[in-house]
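**Student:** Kindly generate the complete structure, drawing on both the sequences and the hints.
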Amino acid sequence: MDKFFQIGEVSNFISENKQRFEDALLHEAANVRDRIDDILKFGNIDLVNNAHKLVGFILEGKNEELRLFAKQEGIAWASHELTLSFKLEWVQAIRRTLWAFIQENNKAAKEIALDDFFLFEKQINNGVDAFLNAFFINFSTYKDALIKSQRELVENLSVPIIPISPTICILPLIGTVDTFRTNVMEEKVLQEIGKLRIQTLILDLSGIAEMDNEVIDHLLKIIDGSSMMGCRTVITGLRAEVVRKMIHLGFRFGKDTETFGSLQQALNKHISYLELDIKSNF
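In terms of my numbering, the sequence shown opens at residue 54 and continues consecutively.
Because the hints were derived from the structure by calculation, they are not lab data. Treat the hints with caution; some may be incorrect.
[Stated by the list, open to error] The calculated PhoX-like cross-link candidates involving lysine-lysine, where the alpha carbons are at most 25 Å apart (straight line), are:
1. LYS106 with LYS124
2. LYS106 with LYS201
3. LYS201 with LYS248
4. LYS115 with LYS71
5. LYS274 with LYS298
6. LYS124 with LYS94
7. LYS201 with LYS241
8. LYS274 with LYS308
**Tutor:** Put into structure tokens, the structure is as follows:
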């Protein structure tokens, strides 16, 4: 029997038994079955209709449409943070259900030549595998880009350099400062000094209750690096606990580093200097 005729028969057989196909599919995908309504509600993804679409692309050999459909599904699944195990179970259930209906249809049809059967098997399984491959590639690509974007946002929020004049900026630090954050801070501070031509960086530490030894050491190196680029660092709001630790460990700020008890005190002084410079230019 011609394989294309056989494929057409299978497609017609599934269409004529659409409800029975869906019931069999839901039976195969036991874990996904109870989540179908939730996935439709929160992700706007109709798994049952998409299953029919996938089967149609595979049976009709529409490889480009299959690839684009897999890309669409991968991005949708990633953007709504849906569980990958559900998708894998669902697609494998589609594969098993499709083969069950192929077997059932073939019982009522004439015998198919062995060579034709293997060509048919290759088209079906390669189609399912191609969908899964494209789905996971696009899922991973979109997820990686999303994670990178979110990480950049977090990095910017964790090191917020705020200009208050053409030459003076404030860097308020709040919460936990760990090695990762000091690495981000080092990179961003040095970049912004070069880009904005910052001459004075006011580093407000009033929101930091504790810093470990490695973080303190890294902070001092950032201050030294800033000085090498012609930027003076002003430290404000150091808490007693941090100061005691620095004293016991023998850490010292450089002679050019100013310290103030509060951010307000530092702003009062440096804004006053700025106003005097402006007046002297007129």
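**Student:** Hint by hint, which ones does this structure get wrong, listed from lowest number up?
**Tutor:** The structure conflicts with hint 2 only, although it agrees with all the remaining ones.
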